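Asks: These are the residues of each chain, in order.
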Amino acid sequence: MDLDKAGENVEEDYVLEVDQLKTIFRTEDGDIPAVSGVSFSLKAGETLGIVGESGSGKSVTSLSIMGLIPKPQGRLSGSIRYKGKEIINLSEGEMREIRGNEISMIFQEPMTSLNPVFTIGNQMVEAVLLHMELSKKEAEQRAIEMLRQVGIPRAEEIMKEYPHQLSGGMRQRVMIAMAMSCNPSILIADEPTTALDVTIQAQILDLMRNLKKDFNTSILLITHDLGVVAEMCDRVIVMYAGKIVEESDVRTLFKNPNHPYTKGLIKSTPRLTSEKQRLYSIPGNVPSFKEMPKGCKFVPRCEYAKDICYKNEPELVYVGEDHKSSCWLNIEQAPSIEEDAS
Amino acid sequence: MLAYTIRRLLMLIPVLIGMSLLVFSIVHLIPGDPAKTILGEKAPPEVLDNMREELGLNDPLIVQYKNYMVGLLTGDLGRSIKTKAPISQEIKPYLAATIELTFFAMVFAIIIGVNAGIIAAWKHNSWFDYIAMLVALIGVSMPVFWLGLMEQWIFAQKLNWLPSIGRANILNPIKPITNFYIIDSILAGNFTGLKEVIKHLILPSIALGTIPMAIIARMTRSSMLEVMKSDYVRTAKAKGVKEFFLIYKHALKNALIPVLTVVGLQIGMLLGGAVLTETIFAWPGIGKYLYDAISMRDYPVIQSGILVIATMFVIINLIVDLLYSAIDPRIRYR
Chain A
1 MDLDKAGENV EEDYVLEVDQ LKTIFRTEDG DIPAVSGVSF SLKAGETLGI VGESGSGKSV
61 TSLSIMGLIP KPQGRLSGSI RYKGKEIINL SEGEMREIRG NEISMIFQEP MTSLNPVFTI
121 GNQMVEAVLL HMELSKKEAE QRAIEMLRQV GIPRAEEIMK EYPHQLSGGM RQRVMIAMAM
181 SCNPSILIAD EPTTALDVTI QAQILDLMRN LKKDFNTSIL LITHDLGVVA EMCDRVIVMY
241 AGKIVEESDV RTLFKNPNHP YTKGLIKSTP RLTSEKQRLY SIPGNVPSFK EMPKGCKFVP
301 RCEYAKDICY KNEPELVYVG EDHKSSCWLN IEQAPSIEED AS
Chain B
1 MLAYTIRRLL MLIPVLIGMS LLVFSIVHLI PGDPAKTILG EKAPPEVLDN MREELGLNDP
61 LIVQYKNYMV GLLTGDLGRS IKTKAPISQE IKPYLAATIE LTFFAMVFAI IIGVNAGIIA
121 AWKHNSWFDY IAMLVALIGV SMPVFWLGLM EQWIFAQKLN WLPSIGRANI LNPIKPITNF
181 YIIDSILAGN FTGLKEVIKH LILPSIALGT IPMAIIARMT RSSMLEVMKS DYVRTAKAKG
241 VKEFFLIYKH ALKNALIPVL TVVGLQIGML LGGAVLTETI FAWPGIGKYL YDAISMRDYP
301 VIQSGILVIA TMFVIINLIV DLLYSAIDPR IRYR
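If you read the protein sequences in the order shown, they are chains A and B.
Note that UniProt numbering gives residue 113 to position 113 of the first sequence, counting from 1, and the numbers run on in steps of one.
Note that UniProt numbering gives residue 312 to position 312 of the second sequence, counting from 1, and the numbers run on in steps of one.
The reader is advised that the hints may include incorrect statements.
To be verified - With the C-beta cut set under 10 Å, the calculated list includes, among others, these residues of chain A facing chain B:
no. : residue
1   : Arg96
2   : Asn101
3   : Ile103
4   : Met105
5   : Pro116
6   : Phe118
7   : Thr119
8   : Ala127
9   : Leu130
10  : His131
11  : Met175
Stated by the list, open to error - The calculated lysine-lysine pairs, modelled on BS3-like cross-linking and capped at a C-alpha distance of 27 Å, are:
no. : chain 1 : residue 1 : chain 2 : residue 2
12  : B       : Lys242    : A       : Lys160
13  : A       : Lys213    : A       : Lys267
14  : A       : Lys160    : B       : Lys42
15  : B       : Lys66     : B       : Lys84
16  : A       : Lys83     : B       : Lys92
17  : B       : Lys82     : A       : Lys137
18  : A       : Lys137    : B       : Lys242
19  : A       : Lys294    : A       : Lys306
20  : A       : Lys71     : B       : Lys229
21  : B       : Lys242    : A       : Lys85
22  : A       : Lys136    : B       : Lys253
23  : B       : Lys158    : B       : Lys175
24  : A       : Lys71     : B       : Lys242
25  : B       : Lys123    : B       : Lys242
26  : A       : Lys137    : B       : Lys253
27  : B       : Lys82     : B       : Lys42
28  : A       : Lys160    : B       : Lys158
29  : A       : Lys306    : A       : Lys43
30  : B       : Lys195    : A       : Lys136
31  : B       : Lys229    : A       : Lys22
32  : B       : Lys253    : A       : Lys71
33  : A       : Lys136    : B       : Lys66
34  : B       : Lys249    : A       : Lys290
35  : A       : Lys71     : B       : Lys123
36  : A       : Lys71     : B       : Lys249
37  : B       : Lys123    : A       : Lys22
It should be emphasised that the hints constitute simulated quantities derived from the structure, not laboratory data.
None of the values given here were measured: they were computed from a predicted structure.
Beta carbons: idealized from backbone N, C-alpha and C, even for Gly.
Using the sequences plus the hints, can you model the full thing?
Replies: Right under this line is the structure:
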């Protein structure tokens, strides 16, 4: 087994490189590390999935990349490079140039993510005018064109309508049209289909796949749904309690999952072929940040836990080609507890 | 929008009828003989008879109400017992004075209140927030008459910057045309008069506008704080919208609904005649007109004054309702 340290990637055509990202929230009860040392990179035209339960830090990771973490309470450290340029802790003004222009984001709740008191047209045109040097007329044309592109019928009329006049699926299409209107290099989609009906879900995923092909956009897809991951992603990151526990290409992850948490996640996905009556679920919950275990964060819920797991945290190491996992089970010569494991 | 407006206008009819009934019954709710109450116990019987005839109390109730309603619909509010003048004529300058004062008090209250509320929410938990909310708390708690007296003492008495009473300089009187002195002085081309009129408006406007300002500031702040947490503000931020537009475009329009409610109620209250403020600043407004009528037991004037105030309250509410639907498109369809 390859024990190389993670993060020593050869420079490729990466649009986004996140290195040791830490996001800490200051609260009255002390500091809460929502993301603690996450590293990954995203190639041009690639779809990278981030999977995890609620509270695993996947949404905070995406908001950190967008610079949308509320400032005095939230603190970021580490490195986020967009096309080689450091963008962590940029000024608001510099970040505004990137948001919606280079990196766009769509959110989970299409019902509440559009402003209810402005027309679709107003909000679309605003997005276009912010980043493209166009006249109002041209911006309107561009907006209509984008609405057509995402499969909205009677785009001209929709421009004059308000969000409450559209269905959830339509609103999410509008959100995608808005996010794609300035040709971003990266689209971050935070649970884009969770709030939608299954049939609409499939349509939206189809749409994202087609747009990715047409525009060569990289997608960072945040989801808790392994079905969506299997359908959409090239590579997957599994997050647990603010850390990456496993990273691999999507085939390997499903065929040969390494981390007990990933195995649990896959086992708890319903299958038609399964004879079992009751669906598997990983026992316990994600630990709250106050009662985080000292060693491996997953240890209270892990059925393979050894002594070492309670004492020291495992590192993310290669367990195969382009396959990383952080579990003591992979480390044959697990260091004894007296030795320094870091 | 047009259909909604028409619907709202039609809904006014029962409200106004109910209002007229209430006001009509005021005279009849006086215990005992209204004529005696008005003229006093020792009035001679023939004078009392005259009074009853004048008030129409000798007709059956239904006829009285019919006459009253016919009068109202033709713009006849009856005559004042004291001056014998038609009330509809007499009330105009008082009404104009009150509307003018209310307008400037509310302009002051809205401009300062809304902006203070926005900035307090924007810079949440900053020193500006704390100071603004402290000032708002003091503003709400301060008795109007005390604030008025303090203003007069400081700005009129000590500093001699501004006049303390009246609507205009006695030496430069404004010829009443519309009875709105600002408009009248402009129409007459009397610009020194205009300057005087504005000067006279400042102190009472601030005295009258302080409580609404404080209430508006607090309402705007809490409403903005709520809205700024919303998903669509985050979406706008993710688009790269500048913070100023985030606040003044995306958040403010959504936060305005509860603020508008408060503004409407406050305008209604101020129009109802701020008796204390008008008395302190010798402002010949509707509050003072009614106050004098009450002390003279001039029942027709009291009746008409209440009716006019109530009607204005209803109209303000209608305007607020129409503004709701202009701000929030979802309201029209409910």
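Asks: Now look at each hint and say whether the structure bears it out.
Replies: Okay, the hints, checked on the actual structure:
A hinted interface residue such as Arg96/A counts as satisfied when its beta carbon comes closer than 10 Å to some beta carbon of chain B; here the least separation is about 4 Å, so the hint holds. Residue-level restraint check for Asn101/A holds (minimum Cβ-Cβ distance to chain B is 6 Å; threshold 10 Å). Checking Ile103/A against chain B by beta carbon gives a least distance of about 9 Å; that is within 10 Å, so the hint holds. Contact between Met105/A and chain B, as hinted, is supported at the beta carbon level, the nearest pair being about 4 Å apart and thus within 10 Å.
The interface hint given for Pro116/A is met, as the beta carbon of that residue sits about 6 Å from the closest beta carbon of chain B, less than 10 Å. Interface hint status for Phe118/A: upheld, as the beta-carbon distance to the closest one in chain B is roughly 7 Å, under 10 Å. Checking Thr119/A against chain B by beta carbon gives a least distance of about 8 Å; that is within 10 Å, so the hint holds. Hint on Ala127/A holds. Least Cβ distance to chain B is approximately 5 Å, under the 10 Å limit.
At about 5 Å, the closest approach between the beta carbon of Leu130/A and any beta carbon in chain B falls short of 10 Å, and the interface hint on this residue holds. A distance limit of 10 Å between C-beta atoms decides the matter here; for His131/A the minimum to chain B is near 6 Å, and the interface restraint holds. Contact between Met175/A and chain B, as hinted, is supported at the beta carbon level, the nearest pair being about 7 Å apart and thus within 10 Å. Simply put, Lys242/B and Lys160/A have alpha-carbon atoms about 24 Å apart, close enough for the 27 Å limit, and the pair holds.
A threshold of 27 Å between alpha carbons decides the hint, and for Lys213/A with Lys267/A the separation of about 31 Å lies outside it, so the pair is violated. Restraint check: the Cα-Cα separation between Lys160/A and Lys42/B comes to about 73 Å, which exceeds 27 Å; the hinted pair is violated. Only pairs whose Cα atoms come within 27 Å are accepted, and Lys66/B paired with Lys84/B is accepted, the gap being roughly 22 Å. About 72 Å separates the Cα atoms of Lys83/A and Lys92/B, which puts this hinted pair outside 27 Å; it is violated.
Restraint check: the Cα-Cα separation between Lys82/B and Lys137/A comes to about 67 Å, which exceeds 27 Å; the hinted pair is violated. Distance hint between Lys137/A and Lys242/B is fulfilled; the C-alpha atoms sit about 22 Å from each other, no more than 27 Å. For the given pair, Lys294/A sits about 14 Å from Lys306/A by alpha-carbon distance, which is consistent with the 27 Å threshold. Between Lys71/A and Lys229/B the alpha-carbon distance is near 14 Å, which keeps this suggested pair within the 27 Å criterion.
Taking the CA atoms of Lys242/B and Lys85/A, the gap is near 22 Å; set against the 27 Å cutoff, the hint holds. Among the hinted pairs, Lys136/A with Lys253/B is consistent with the structure: their alpha-carbon atoms are about 22 Å apart, no more than 27 Å. A threshold of 27 Å between alpha carbons decides the hint, and for Lys158/B with Lys175/B the separation of about 31 Å lies outside it, so the pair is violated. For the given pair, Lys71/A sits about 16 Å from Lys242/B by alpha-carbon distance, which is consistent with the 27 Å threshold.
About 16 Å separates the Cα atoms of Lys123/B and Lys242/B, which keeps this hinted pair within 27 Å; it holds. A C-alpha spacing of about 25 Å is found between Lys137/A and Lys253/B, which places the hinted pair at or below 27 Å, so the restraint holds. Between the alpha carbons of Lys82/B and Lys42/B the distance comes to roughly 18 Å, so the proposed pair stays at or under 27 Å and holds. The suggested pairing of Lys160/A with Lys158/B is violated, with an alpha-carbon distance near 59 Å, which exceeds 27 Å.
Under the criterion of a C-alpha separation no larger than 27 Å, the hint pairing Lys306/A with Lys43/A is inconsistent with the structure, at around 36 Å. Pair hint Lys195/B plus Lys136/A does not hold up; C-alpha atoms about 43 Å apart against a cutoff of 27 Å. Distance check on the hinted pair: Lys229/B and Lys22/A sit about 23 Å apart at the alpha-carbon level, within 27 Å; holds. Distance hint between Lys253/B and Lys71/A is fulfilled; the C-alpha atoms sit about 24 Å from each other, no more than 27 Å.
Simply put, Lys136/A and Lys66/B have alpha-carbon atoms about 60 Å apart, too far for the 27 Å limit, and the pair is violated. The straight-line distance between the Cα atoms of Lys249/B and Lys290/A is roughly 39 Å, outside the 27 Å bound, and the hint therefore fails. Distance restraint check for Lys71/A and Lys123/B: the Cα-Cα separation of roughly 12 Å lies within the 27 Å cut-off, and the hinted pair is therefore satisfied. At most 27 Å may separate the alpha-carbon atoms for a hinted pair to count; Lys71/A and Lys249/B meet this at roughly 21 Å.
For the proposed pair Lys123/B and Lys22/A, the alpha carbon gap of about 26 Å is at most 27 Å, so the pair holds.
This entry does not satisfy hints 13, 14, 16, 17, 23, 28, 29, 30, 33 and 34, going by the numbered hints stated previously.
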